[in-house]
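Novice: Position chain B against the provided structure of chain A, taking the given hints into account.
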Amino acid sequence: MSRIAEWLLESVTTRERAASTVGDLRETAATRGEAWFWASVLGAAGALLWRGMVAEPRRMLGLAFRGLLMTFVVQLGITTIVFVISAARALLVATSMGLGGPEAFPTAVPGLRDGAWNARPWRASFSWADGSPGALPAASCPRAWR
Amino acid sequence: MSETPVLSEFEQVVLFAIMRLGAYASGVTIRGEIGARTDREPAPGALYTALDRLEDQGFITSRLGDAISQRGDRAKHYVQVSATGVEAVKRAQRRCRRHPAGWHAALSRIQ
Chain A
1 MSRIAEWLLE
11 SVTTRERAAS
21 TVGDLRETAA
31 TRGEAWFWAS
41 VLGAAGALLW
51 RGMVAEPRRM
61 LGLAFRGLLM
71 TFVVQLGITT
81 IVFVISAARA
91 LLVATSMGLG
101 GPEAFPTAVP
111 GLRDGAWNAR
121 PWRASFSWAD
131 GSPGALPAAS
141 CPRAWR
Chain B
1 MSETPVLSEF
11 EQVVLFAIMR
21 LGAYASGVTI
31 RGEIGARTDR
41 EPAPGALYTA
51 LDRLEDQGFI
61 TSRLGDAISQ
71 RGDRAKHYVQ
81 VSATGVEAVK
91 RAQRRCRRHP
101 AGWHAALSRI
111 Q
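Protein sequence lines, in the order shown, are assigned to chains A and B.
Residues in the first sequence are numbered from 1 upward in steps of one, following this note's numbering.
Residues in the second sequence are numbered from 1 upward in steps of one, following this note's numbering.
In case anyone wonders, no lab produced these hints; they're calculated from the structure.
For clarity, every value in this text was computed on a predicted model and none was experimentally measured.
Misleading hints may appear alongside valid ones.
[What the hints assert, rightly or not] Just some of the chain B residues that point at chain A, by a computed CB distance under 8 Å:
#: 1; residue: A43
#: 2; residue: T49
#: 3; residue: D52
#: 4; residue: R53
#: 5; residue: K76
Note that CB positions come from ideal geometry on N, CA and C, so glycine has one too.
Pulled out of the complex, with its shape left as it was, chain A reads as follows (with noise of 0.2 Å):
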């Protein structure tokens, strides 16, 4: 964790001092406890990130524009993430209905048309993949549903 600190103030000052004021909040922290050594490493970050404005406003511009471009990088990872889990969560639920699996997806996964798939008892009659919904097959609805 103390890493984390030092990195956060490494983009604030010099890395001897980032490092030597991680020491120094380090062992203080430890007759005051994690929180403070927290609040401590953001309140100290904070100081010399305006310090560094005043002093250095090309240097902080620069910084800005790091923070920026990370936050898009971090964004795009979580969307991507979040796609993906959202779309195999979709595949699985619609699976196990009985509504369409790879058919629904005829170029996307071709590999899967053949195999395991095309052994379900509702891929003789209903298919969305001809664009014609259909009616559910009987034997594939669940029990609920007929």
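Specialist: Below, chain B without anything else, positioned relative to chain A:
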């Protein structure tokens, strides 16, 4: 107007603490010393910013000590007041002493 930067009250307090501590003045000991003298410990952010500023202005010099396991193998930053710093403190104190001049006379007039 002089070009030399004027020391703030807090910067003077920090410089006094460093001078009293001598060779062992580091972030932790300076905070402790200020706390003991003024009954109020400065926020770490305020102290480290002041130390950075004082070093940039040449009022203090710093050296890196040995890494200690208690601090997660991080070295201590020891600071010392430079000759310019001592001169700046003297100048600030002279300025402070000028303020109360004539204070007793003014007070007796008010009362």
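Novice: The structure should be examined with respect to each hint, and the outcome stated for every one.
Specialist: Hints versus structure:
Nearest Cβ of chain A to the Cβ of A43 (chain B): about 6 Å, under the 8 Å cut. The hint holds. At about 5 Å, the closest approach between the beta carbon of T49 (chain B) and any beta carbon in chain A falls short of 8 Å, and the interface hint on this residue holds. This hint holds: D52 (chain B) has a C-beta 6 Å from the nearest C-beta of chain A, less than the 8 Å allowed. Interface hint at R53 (chain B): satisfied, since its Cβ lies 7 Å from the closest Cβ of chain A, which is below the 8 Å cut-off.
Checking K76 (chain B) against chain A: minimum C-beta separation of about 6 Å stays under 8 Å; hint holds.
Going down the numbered hints, you'll see the structure goes against none, and every one checks out.
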